[in-house]
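Trainee: Letter by letter, the chains look like this.
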Amino acid sequence: MNAAWTVCRKELLDNARDRRTLFSAFVFGPLLGPVLFAVLINVLVTQTVSTAEATVEVPIIGSELAPNLVEHLEARGIEPLTEHGLEKLPDALAAVQNGRRDVVLLIEPDFAERFTAGETARITLVHDRSNTRAGSRVQRIRGAIGSYAQQLGTLKLIARGVDPDVLTTVMLDELDVSTAAGRSIVLLGMLTYFLLLATLVGGFYLAIDSTAGERERHSLEPLLTTPVERSSLLLGKMAATTIYMLLALALTLVGFTIALDFVSLEPLGMSSGFGIGAALAAFAILLPFAPLGAALMTLVASFTKSYKEAQTYLTLVLLVPTLPLVFATMLNVKPTGALMWIPSLSQHLLVTALVRQDPIPVTYVLQSAVATLAVAAVLGLVAMRLYERESVLG
Amino acid sequence: MIEVLSVAKRFGDVRALDGVEFKAGDGRITGLLGPNGAGKSTCLRILSTVLRPDRGTARIGGVDVVAEPLRARRLLGVLPHNAGLYPHLTARENIEYYGRLHGLDERALAARVDALLARLGLAAIADRKAKGFSQGERTKVALARALVHEPRHLLLDEPTSGLDVMAARELREWLRALRSDGCCVLLSSHVMQEVEALVDDLVIIANGRIAAEGTPAELAVRYPGQSLEDIFVRAVEGARR
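Those sequence lines, one after another, are chains A and B.
If you read the first sequence in our numbering, its first letter stands for residue 1, the second for the next number, and so on.
If you read the second sequence in our numbering, its first letter stands for residue 1001, the second for the next number, and so on.
It is worth saying that the hints were derived from the structure and are not from the lab.
You may find that some hints are simply not true.
[What the hints assert, rightly or not] Derived pair list, reagent style BS3-like, types lysine-lysine, alpha-carbon separation capped at 27 Å: (1) B:Lys1131 / A:Lys305; (2) B:Lys1023 / A:Lys308; (3) B:Lys1129 / A:Lys308.
[To be verified] Not the full set, but computed from the structure, chain A residues with beta-carbon under 8 Å of chain B: (4) Ala3; (5) Lys10; (6) Asp14; (7) Arg17; (8) Ser147; (9) Gln150; (10) Glu216; (11) Arg217; (12) Glu221; (13) Pro222; (14) Leu224; (15) Thr226; (16) Ser391; (17) Leu393.
Note that the Cβ used here is the ideal one computed from N, Cα and C, for glycine as well.
Please work from the sequences and hints to get the whole structure.
Mentor: Structure representation (structure tokens):
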């Protein structure tokens, strides 16, 4: 145990003097996530807010045929564009197809005629559904025209002495039960991804340097001639990797707490719910993941032939624990007792629940910790067993 | 005393050692001589307990390396072919690390490291990182590291390779000093002149077998009128037949 502690201390010191290790563990990981996250949320907030409030300019062909409709649209922030140079439907189709216009409104030449005769008057809305940028504008124009038509219809019924309610046979009421925090989940789902990634990156170079690097520098052979069991040497190395990973995780959480403090989520109708308390709870939930990652990376790095090869394989290892997250986000998986036995997925679900401010059963947290530590122990023992083999010298 | 007892070791189809048996006495420098690939390094790695023999065993000061590797390691100082220092650690930290792994307590360790640094003339570079060391400086630090727990048995794999004349000379002085202290020194080499100048006993190994052994004087009697190099070539060729 003393020897393992000696090895651990030496690895911490040795790697603290390596600029690349320090940069990737304590700068790159902790900064990348929070900054990217803050920028992303900012862009989303500005976009959502601006499309909801800004005036939309729409080229309307034949606007002079329906002055009342145009007035109705203007009242709803949809400004008709007069100088558009479009005359007929083919012009409109071409303009939208080649992307010069996002959306064009075409009032049919017989609109006024049919309207006065009390027949159904027609308007054509030209748009490209694959153009996501135009989506919200199309939505607004559709809504405005729909409300115009309904208003007129109602007036017509009243003029004929009919109660407009006869048309309303069924009324659909929608009640949205998602909480404000719940709605921000698409965004905050990425949070655990960044947290797990930053944790793994924190131990990435130490795991390589203390195993493949040690062999490549020819310092492994003399180390193996010291009167210390190989399992103790490896235990010390894994402990050092774990400590670096936890430091990186703590720094990343600090980064997120600061970043989410700067980014206002209110305009999106969300509350992020990420304060110091949540950061501490997230640290506790993610804590058992560090030894698991350390054991996995040490195991893989121990049996690569060179530093370079270790880097290649460990980059793949970085993806493994993040795979369950992808499925969980795609399938919108909810936390259950059974899922708490799966490391990384359980941490993802718990941290997500924490951010959503959903209640978390304590048994879930314990289950997740026990399962994760058990897998870490198994991987650690396998690594130690393999270290006893002569092939470890390469 | 180091005893190698009919040791055999193979790597796949390659027979690296095939029944090697010799002794290296206390207060003597024994040279393990052989062409490249003869099995010198494999033999030293078995003695340093990094590799296990397929057959036979070896004893360091009476301790069986196969049965009690940890005890054997305490009695051994090892200078590997490449110094294998940690470039980010200073000379002092490199030596201290091994002292702690050997279980030395901090006070004894500090005194021991200071003494070694002074004796090996390393005081000036003691607190510099190993990254910028010359080959000679690296070898000296690695020697200090091998001696930190005051072992009575020393294994050196091609210790002078890569050293300039002055550094090689200094190292030889060191080994002679250890011999006068009563240490058992076993070194491997393929440089004839060095062996001739330094060793008390010779073990010539070729194709994983002992081709000849004895003091230089004994070998000169057995192969009269020949230089050590001639003896070496004849012994190696004899083993190949």
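Trainee: All the hints need checking, so say for each whether the structure fits it.
Mentor: Hint by hint, here is what the structure shows:
In summary, the hint linking Lys1131 of chain B to Lys305 of chain A is supported, as the alpha carbons are separated by about 23 Å, within the 27 Å threshold. Distance check on the hinted pair: Lys1023 of chain B and Lys308 of chain A sit about 42 Å apart at the alpha-carbon level, beyond 27 Å; violated. Taking the CA atoms of Lys1129 of chain B and Lys308 of chain A, the gap is about 24 Å. The hint holds against a cut of 27 Å. Because the smallest distance between the Cβ of Ala3 of chain A and any Cβ of chain B comes to about 6 Å, under 8 Å, the interface hint for this residue holds.
Interface restraint check: Lys10 of chain A against chain B, minimum CB-CB distance 5 Å, threshold 8 Å, status holds. Interface restraint check for Asp14 of chain A: the shortest CB-CB distance to chain B comes to about 5 Å, inside 8 Å, so the restraint holds. Interface hint status for Arg17 of chain A: upheld, as the beta-carbon distance to the closest one in chain B is roughly 4 Å, under 8 Å. Given the 8 Å rule on beta carbons, the hint for Ser147 of chain A is violated: about 71 Å separates it from the nearest Cβ of chain B.
Annotation: interface hint on Gln150 of chain A violated; nearest CB of chain B at approximately 75 Å, more than 8 Å. At about 10 Å, the closest approach between the beta carbon of Glu216 of chain A and any beta carbon in chain B exceeds 8 Å, and the interface hint on this residue is violated. A least Cβ separation of about 6 Å between Arg217 of chain A and chain B falls short of the 8 Å threshold, and the interface hint therefore holds. Taking 8 Å as the C-beta cut-off, the interface hint given for Glu221 of chain A holds, the closest approach to chain B being about 5 Å.
About 5 Å separates the beta-carbon of Pro222 of chain A from the nearest beta-carbon of chain B, less than 8 Å, and the hint is met. Hint status for Leu224 of chain A: holds, given a least beta-carbon distance of 5 Å to chain B, under 8 Å. Among the interface hints, the one on Thr226 of chain A holds; its C-beta lies about 4 Å from the nearest C-beta in chain B, closer than the 8 Å criterion. Nearest Cβ of chain B to the Cβ of Ser391 of chain A: about 10 Å, over the 8 Å cut. The hint is violated.
Look at Leu393 of chain A: its Cβ gets to within about 7 Å of chain B, closer than 8 Å, so that hint holds up.
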